[in-house]
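Using the hints, build the complex out of the two chains.
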Amino acid sequence: MNDFLSMVDWSRAQFALTAMYHWLFVPLTIGLALIVAVMETIYYRTNQERWKGITKFWMTLFGINFAIGVATGIILEFEFGTNWSNYSWFVGDIFGAPLAIEGIFAFFMEATFVAVMFFGWNKVSKGFHLASTWLVALGVALSALWILVANAWMQNPVGMEFDPAQMRNVMDDFWAVAFNGVSMNKFFHAVTSGWCLAGTFVVGVSCWLLWRKSNVEAARSSLKVGAWVGLLGILFTMWTGDGSAVQVAKVQPMKLAAMEGLYDGKVGQELVGFGLVNTDKRPGDNLQAINYEISIPYGLSILANHDPHSFVPGINNLIYGYELNADGDTIKTTSYAERMAMGREARKALLDYDKASKAGDESAMADAHARIKDNFKYFGYGYLDKAEDAIPPVALTFYSFRVMVMIGGYLLLFFLLAIAATTWKNKWLEKSWLHWVGIISIPLVWICSQAGWIVAEVGRQPWVIQDLMPTNAAISDISSSSVQITFWMFAVLFTCLLAAEISIMLRYIGRSSKSNIEQAH
Amino acid sequence: MKKHIFKRAYEMYYDGFRSMTVGRKLWVLIIVKLAIIFLVLKLFFFPDILHTEYDSDESRANAVRKSLITQP
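From first to last, the protein sequence lines are chains A and B.
Once you know that position 20 of the first sequence is 20 in the working numbering, the rest is easy, because the numbers rise by one and skip nothing.
Once you know that position 25 of the second sequence is 25 in the working numbering, the rest is easy, because the numbers rise by one and skip nothing.
In short, the hints are calculated from the structure, not lab data.
Fair warning: there could be bad hints in the mix.
DSBU-like, lysine-lysine: derived pairs with alpha carbons at most 30 Å apart [to be verified]:
| no. | chain 1 | residue 1 | chain 2 | residue 2 |
| --- | --- | --- | --- | --- |
| 1 | A | 123 | B | 3 |
| 2 | B | 25 | A | 126 |
| 3 | B | 66 | A | 373 |
| 4 | A | 377 | A | 266 |
| 5 | A | 126 | B | 7 |
| 6 | B | 25 | B | 7 |
| 7 | B | 66 | A | 348 |
| 8 | A | 355 | A | 386 |
| 9 | A | 514 | A | 123 |
| 10 | A | 377 | B | 66 |
| 11 | A | 358 | B | 66 |
| 12 | A | 123 | B | 25 |
| 13 | A | 213 | B | 25 |
So that you can see chain B by itself, here it is in the shape it has in the complex (with noise of 0.2 Å):
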């Protein structure tokens, strides 16, 4: 009987990630890229700052405007 292609889909990633062999350092040193690129630089280094700074497109708008008519 053919299987299902959710089943057959799962079973082509389950044997994969198990069959690899250059592929779990790989993995293991993705997780720890994206761990600290997401979880340490996004979150404590790289604000938004006009996000965080103001909460409306309105008034980033207008600090902006300040920023660009009172920059030296």
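The following block holds chain A by itself, in its conformation from the complex (with noise of 0.2 Å):
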């Protein structure tokens, strides 16, 4: 058993490092892919040689980066098959046919106009070069598209019906699971992300180029566009949080009350602004869930149904299954002890349907079938010991989400400032501090863009796949220590990937500060 444990737990370590190395590169991708097509752009319409040169200096960092991050995610794909089995085959084609779509068509796409992008300056027509750059750019985001696609899925289970002679889950409305609510926002939100943190880049190393007062010029311009595309960025990943907390709300209710520290909601309901975490609360105690608690009236009710009279529900309340009306009056819900009892339904209805396939007996076969399909809803359920086990770490998310809306909210003022600096407040790019807020900014985003992961994954817990299946049913028969020498190997791997991309990126910065940027080769 304390092996079990330690193989889930060591799994879920693995599978979070890699996923948050991998998410190191990735919206840099995204964001810086759109930077340098706008830029090329500008130098297609103004046929100013200094744009060329402006875009080859900005269109290597992205190869930089480009080349260390591909194919990083690939090891989350090797890690389903090897640690999570049970979960790859149950998930069946609702995730092999995003990444496949993602693998053949997006991946190809980029692949291939990258490499007229990097070498086809003066090879082909400037009109051919700037498409080339605007398809890599779309590809990169189609890319991410696919991906998010599956991941969303995974939040929100829609679109399939799940088959017990196959053991999988069998898509049967690809627009449904392709095109929900949940998944739209988890892609606009991640890519308008990348945009806001390629943003904070450009400004950050122009900020760095201006401090040393080398190519004042390029630096000043890029800064302007690294700062408006940032802009759009964060406005737009602000809108998109705003969806997604709504969608957080009506598909995870329980991460929403996990982001909060709300046990007991109400109709209402405010948001915490500032507050430590009780660790010790447990649900149906009196202790106090937050201490020195700063709220914001209305804020959650807001924020997760855009009404402010609304209620929403606490872990008590969902665990409980009560919620309460506008008067105040209590409504039933299903309660954590009846979703425990149909998923344990559930999974005796496939024990008896295994029996009766293997006794040839058709007519208990649809029985149990039935009975699956009456419970599905709740499966996951069934593998939990007691209620509790279905929440999420609280402190954890609560904190992440503090983070990820506190540096979210700076980024707005940051491009706010840097806009103003380009424009009307054009003294400001000589001083100091400008230039090292720009610099000091360039991490924040990185542990902003990593913080709305962790609310996303860790506030899901315990689910792989949200209601159908905790994590601990997921995982493969295989040894803990098996995972614990990958887990390292991996720590090594990425880690001197990760010092490589920055000990080149630093390189070539430095030495294109000594020659003239805007010169193009």
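Take a look at the structure:
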């Protein structure tokens, strides 16, 4: 049993490590592709050679990040097959189809046009080159689309039916899988956060050039483009973040409750602006959930439902199965004890199906199948020992959410400041405080981006597929020592890759700062 | 005379690789990384459990069913 728990923990740690490292590279690729395309468009329209030089400078940084980051995501697929074989089989073609589309279409599209983008200067027409650069930017975003569709399905499993004979979920509505509210919000939230991240990167590097008083004109021009793309990115990220909150409230209310450390919801629920999570708090007890709380009245009701007088359920409401209406009357909902009973019934029906299948008794198979279908909505609850097991780590989710939101708010001000500096407050561009604000913002935006994924992924625990499969049922029957070995191998490999990326980038930026960036070669 | 499209594409890649500066180091890194990922990690550490241990979809489905029925 201990080895089993250890296996689950190590597999989760390994997946988290590889996913987090992968996500260091991806958003920069997504955002920098767009920024390079915008810069090349300016070159195309103005025909100024200096913009060609600026485009090539940032394109090289894009290339370094693309080269180091490419294929780091494939390791996640290896882990599915080795550590998460039950999960991999259970999700069937629902996970496979979007990933296959990603591999065949989007990856080849970006891979083909990346070559033209880097090698095609003076070999193809300016228009064709520009089109290739935009197609790379589009291809990168489309790659993200299909990966995020697959991730969104795990948070909101729709468009499928479970087949106990195949032991797989079979997709019956591709459009429901691909284009539901969760997947679309997730896609635009992730992609536009990439614009924001790359915008910060461009502004930060430009600030470093300004601080060094090197390539001042190129840095000013780059800073302007980075700031506008970043501003657009953060505004869209906030907008889609708002949409994501509404979706979470609908399909993952426990995640929302954990994000807020909320145990007993009410009509007109406030949002915690500041507070410390009481880690001793358990469902049903009388302890205070948040210490030193400063709240925004009606904030959570507005965030979750766009209605200040709506009810938002807390952890106790969800577990014990009750809500309140606008008059304060109690409304019964499906408690976690009832869900666990349904999940166990579905598991028992699966056992009966297995026996009937071996005996060749088709009538009993049909009966068991019908019972599975009736209870499948809460299949995963059949693996929980107690209702409390369905609560995600509250403190980590709560603090990660606040880190994301606070840095996001800071980034909005940061981009407005950068735009002010490039438009009517030009003197600021000579001030070293502005340069250092830009430089320090580079690590902050990565922290913000990682925190967002922690909210999304830790907040949905214990589910690997929401309500259908908990993490401990998803893993393979392998020893934890083999996972530990590969965990450390990945830790070394990815750290080396990250160190290589930072080193090559810094050397390239340093070398370029001693030459004229605007001079295209 | 205008060159054939394949000849032009070949020359684009050939000249592109030859004139690389930062790219050469990157290619070494990419090749080493891909070799580690596919020739070491995939081959020796990350077998697809269900595909290596079972030879048909039916037996894989049975194995997953058994696992999901018997899990604590």
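Structure-based check of all given hints:
Note on residue 123 of chain A and residue 3 of chain B: the hinted pairing holds, with a Cα-Cα distance of about 12 Å set against a maximum of 30 Å. This hinted pair checks out: residue 25 of chain B and residue 126 of chain A have alpha carbons roughly 28 Å apart, not beyond 30 Å. For the proposed pair residue 66 of chain B and residue 373 of chain A, the alpha carbon gap of about 19 Å is at most 30 Å, so the pair holds. For the suggested pair residue 377 of chain A and residue 266 of chain A, the alpha carbons sit about 26 Å apart, so the restraint of at most 30 Å is met.
Between residue 126 of chain A and residue 7 of chain B the alpha-carbon distance is near 20 Å, which keeps this suggested pair within the 30 Å criterion. For the given pair, residue 25 of chain B sits about 27 Å from residue 7 of chain B by alpha-carbon distance, which is consistent with the 30 Å threshold. Our distance criterion of 30 Å between C-alpha atoms is met by residue 66 of chain B and residue 348 of chain A, whose separation comes to about 12 Å. Straight-line distance between C-alpha atoms of residue 355 of chain A and residue 386 of chain A comes to about 28 Å, which keeps the hinted pair within the 30 Å bound.
Using a Cα cut-off of 30 Å, the hinted pair residue 514 of chain A and residue 123 of chain A holds, with the two alpha carbons roughly 28 Å apart. The straight-line distance between the Cα atoms of residue 377 of chain A and residue 66 of chain B is roughly 20 Å, inside the 30 Å bound, and the hint therefore holds. Annotation: proposed proximity of residue 358 of chain A to residue 66 of chain B holds, straight-line Cα distance about 12 Å (limit 30 Å). With a C-alpha separation of about 24 Å, the suggested pair residue 123 of chain A and residue 25 of chain B falls inside the 30 Å cut-off, and the hint holds.
Note on residue 213 of chain A and residue 25 of chain B: the hinted pairing holds, with a Cα-Cα distance of about 28 Å set against a maximum of 30 Å.
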